[in-house]
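Enquirer: Go ahead and model the full structure; you've got the sequences and the hints to work with.
Residues per chain, in single letters:
Number of protein chains: 2
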Amino acid sequence: MSLFEKHSDLIHRAITALHERTFFAAFTEQPSTAVYGETADADGQQKFKAALCKKFEELKQAGPQAWAGQEESPYLQDALKISYPIFPTQTLIDRSKTAFHSWRKVSAEERAGILVESLERIKSRFFEIAYATMHTTGQGYMMAFQASGPHAADRALEAIAAGYEELQRFPAKALWDKPMGKFNIQLNKEWRAVPKGISVVIGCSTFPTWNSVTGIYGSLVTGNAVLVKPHPGAILPIAIFVAEIQHVLAANNLDPNICQLAVDTFDHMITKELAEHPDVKLIDFTGNSAFGSYLEALHGKTVFTEKTGVNSVILDSVEDVDKVAANLAFALTLYSGQMCTAPQNFYIPEGGIQTPTGVVSFDQFAQKFSDNITALVDNPKAGAFVMGAVQNKKTCDRVTEAEKLPGKVWLVSRSIENPMFKNARMASPVVVEVEAAKLEIFSKELFGPIALLIKTKNTDQSIALAQQMAIQHGAISCGAYTTNSVVKEKIADEMALAATPVSFNLVGGIYMNQNAAFSDFHVTGGNPSGNASFTNPEYVTKRFTWVGHREPVAAVKQ
Amino acid sequence: MSLFEKHSDLIHRAITALHERTFFAAFTEQPSTAVYGETADADGQQKFKAALCKKFEELKQAGPQAWAGQEESPYLQDALKISYPIFPTQTLIDRSKTAFHSWRKVSAEERAGILVESLERIKSRFFEIAYATMHTTGQGYMMAFQASGPHAADRALEAIAAGYEELQRFPAKALWDKPMGKFNIQLNKEWRAVPKGISVVIGCSTFPTWNSVTGIYGSLVTGNAVLVKPHPGAILPIAIFVAEIQHVLAANNLDPNICQLAVDTFDHMITKELAEHPDVKLIDFTGNSAFGSYLEALHGKTVFTEKTGVNSVILDSVEDVDKVAANLAFALTLYSGQMCTAPQNFYIPEGGIQTPTGVVSFDQFAQKFSDNITALVDNPKAGAFVMGAVQNKKTCDRVTEAEKLPGKVWLVSRSIENPMFKNARMASPVVVEVEAAKLEIFSKELFGPIALLIKTKNTDQSIALAQQMAIQHGAISCGAYTTNSVVKEKIADEMALAATPVSFNLVGGIYMNQNAAFSDFHVTGGNPSGNASFTNPEYVTKRFTWVGHREPVAAVKQ
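Same order as they appear, the protein sequences are chains A and B.
Counting along the first sequence from 1, when you hit position 81 you're at 81 in the numbering used here, and nothing is skipped either side.
Just add 1000 to the spot in the second sequence (first one is 1) and you have the numbering used here.
Don't read these hints as lab results, they were simulated from the structure.
This one's a predicted model, so the numbers in the text were calculated from it and none came from an experiment.
Using N, Cα and C, we set each Cβ at its ideal position, and we do this for glycine too.
Hints are supplied without guarantee of correctness; some may be wrong.
[What the hints assert, rightly or not] With a straight-line Cα cutoff of 27 Å, these simulated DSSO-like cross-link-like pairs (lysine-lysine) come out:
#1 B/Lys1272 <-> A/Lys301
#2 B/Lys1323 <-> A/Lys381
#3 A/Lys444 <-> A/Lys393
[Claimed, not checked] From the derived model, a few chain B residues whose C-beta atoms are all more than 10 Å from chain A:
#4 Thr1022
#5 Asp1041
#6 Glu1166
#7 Ile1270
#8 Tyr1294
#9 Asp1378
#10 Leu1439
Expert: This is how it looks when you write it as structure tokens:
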């Protein structure tokens, strides 16, 4: 049985799910012993520990020029001392070019089968990847498991399914039979989905697998060779993915260089060398806006970016203000605000928020929100685990700076102690009140656990500001609370024009930060927060070109 | 019955045709009296003549600043003296913005119905459009009828169908029902296809409707407001399209400014003003590479270009060399080489072309090719009608220059007399031999009836040069003649990598210049000849953004 036959049912279920957009998951998001085995967690942790202070020798990339690695654990504030093979950029490109010409001739079916098989293998390493993710990104255990493991694998499967579907969108062959009166002109036609060439996927430090696998699998399924350029601070999680892809390629007598890991170090970053190389045709990037915009402007490249955004919450009227404050406190605190979907700007009318039991004033809501954060942060069973650790020291500096903003500081950031990791780099959320007129303060992303409570004239101004932020500076998510259907449609329409998805009236265990594979398009591509979307048809169709050839059958007399 | 119901069957047949890619045409390409009526041709000619020396008053765009028009007939070498309403750029933009917000709220069904209805109305004006096209572009009567009438309408229908299909690709609503163990999280989700805003479609002087209607209809069906900026030398054909679109819009109580004609004059071109205006989000362009590349580099715009290319013919081996020479002579002579798909570089091995009756030498083929051109040009029943007239005087200059190229001139260009139009600007093809080493001569588009016969070492060099031209300078078409299946696959593969469609072994009444709606992707978007393709999914999906909103149903206990 071929790998395509083995996985065909799953691929087709995934394609159906893409179009139904109801709940679908191929990988179990809970770290369940029933699914993953009694010892899976302990084994994964053990494997992660065994990898420390060693060369990562799983890759099938021969003859490295050097070995290097500079990852540090935000939990330990200490180096992991794992080293990875380093190659000259031209070597990576040359191997990729060679591998491209074998991979592009592999059928779409076979490519899809191989890629799903790699996900099956990666599934057995979800726990190891979880610990690798914790100790590079600072994510809490549960997020690290889910985001880097099952959720990333579902996103990868989504890209495989979308790519495979688009490759089948037009026939491989057709007879074009045109009546001309006394005779027909008949042409045999064929269409080839021609991959673009070498694809470079540039990772980020906070979501090293979730944000990269869609580009990797999207490029691979459409026949491109891929160079995975991880962030120097978060290599191990995606290195395990690449190693497993290479394992399946080699097991199927294919060149493992079809997907290479291109590690660099902070003192010699190779991202620009790769991106500007004339043989590189596709670039996927997650990271800061300046670098993303530089990539988007490169001539002759197809570029997919997820940059930064200014995410808004519009508070108009609510059913239960306490549930709302709790939900938003969690959304802000989760992974210490280091999600690209985390809320930042909270627009609250100066006249307060309508509730069934009367108006909750701006100050009352600010207090409730701050109290909920404090309760969550100080909860010994939840706080440290929800917050995780801070990946980058600069985020802590930004939090400190935020406390100096001109406006009432409702909550100061504290360095909470994580009972399991005494040295963890921690920063609880800071909450600052800002006047709506002080646009310069909130017209930019303040990455980290920073909430700005913006006092607006009314909900119309809140909507206008949220829309303006999204159009001018980008937005990846938006939260809105209203019990008024007219206001709701106004928010839905105005934010749609700003290409920003809105989560309405979320309470309980679901948050505006979360985007589910097969249902939520992550980033829309329609505002400055990024030019691409996981995984819409454009995300995969831009990775190849339809080329049609034709030849006469013969002029047939009628 | 709504217009969507009226045209629903046609729209769905068109969607099916898009995917089957067999022959499909909704509009009859022959100027048949049975289809169009006994007096349609005479009536159309009469209407065209009646439009001369007058204001074009059909548009529903109020209060023009001035009236102007500078069209000249290449057949008469005289001004048409038709004047069109001129508006300040900001007025066009302001009206477009207002119109956008009404049009975007019209359902996809209703939009598609209105647009197909406009094509039905335009059908009754095909002959008038044909004469308008002849006397602006210089096309021969048959091409003018077909390209600007039925073929353009089919291309427009194709864009409507593709857009309508993509708008249905994801559900408007879905229930997302995620099992969480003891309970489910249920979200009501909805997805909106949000149009990008104002779309500017920039026309060219040689195919004023065929090259513009896909962008116009593609943008309109996806909910954008459109500004049609015709070439100042070829306005009337597309003005009739816009007038009919406006007529149907008004008849359905919609703002006719949803699709405006934005005429300018050679002394005050408004293309850059429009393209750079911040409210303009979409740009479609057909024309020269320099301006196309400028547009592609504009920040924050989605740009679709068809620029120039260097189209190759690879001659390796043939069944019947006379049929091949005749076919290529026609392909070059048709509309005096003024098609973006016309052949220019003919690669012939120095050892000659293999045939079943022996080798035909380079010189023998050059002579046969030249003789076929002369016979066609001098044929009183065909020559002048196939050639049409030359749109731009500069093309005649280019032909004259070509005769001075360093290489044997196999055929000089002559100014043939058109029996119906004594003053027609005419130039028959020039054929020049060029050494393969003289890359600088043939590494650019020489727009017009110019053939370069390039003597190569062998077919491998021919393929390599054709590929190199396409990758470096773009190519929209390629002709290839080989009876060897290995050579054929090599050409198919190498040219596919250069994103260039190949027409193999065409003889008889079908030419490499021709691209059929619903089957041939026109321009692939994968080489420098253009970044877009008529009409692949990307051509329409880039005109809108998917935005998903969501809201909890309620937490339901299992």
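Enquirer: Could you run down the list of hints and mark each one as holding or not?
Expert: Now the hints, each set against the structure:
The suggested pairing of B/Lys1272 with A/Lys301 holds, with an alpha-carbon distance near 24 Å, which does not exceed 27 Å. At roughly 84 Å between alpha-carbon atoms, B/Lys1323 and A/Lys381 are farther apart than 27 Å, so this suggested pair is violated. Under the criterion of a C-alpha separation no larger than 27 Å, the hint pairing A/Lys444 with A/Lys393 is consistent with the structure, at around 19 Å. Non-interface call for B/Thr1022 relative to chain A: violated, since the shortest CB-CB distance, roughly 5 Å, does not exceed 10 Å.
Against chain A, the non-interface label of B/Asp1041 holds: every CB pair exceeds 10 Å, the least being about 18 Å. For B/Glu1166, the shortest C-beta to C-beta distance to chain A comes to about 7 Å, within the 10 Å cut-off, and the non-interface label is violated. Separation of B/Ile1270 from chain A is adequate, the least Cβ-Cβ distance of about 25 Å exceeding the 10 Å criterion. Consistency note on B/Tyr1294: stated as away from chain A, and its beta-carbon is indeed over 10 Å from all of that chain's, at 12 Å minimum.
Interface exclusion of B/Asp1378 from chain A stands, the closest Cβ pair being 26 Å apart, more than 10 Å. At roughly 18 Å from the closest C-beta of chain A, the C-beta of B/Leu1439 stays outside 10 Å, upholding its exclusion from the interface.
Hints 2, 4, 6 from the earlier list are contradicted by this structure; the remaining hints agree with it.
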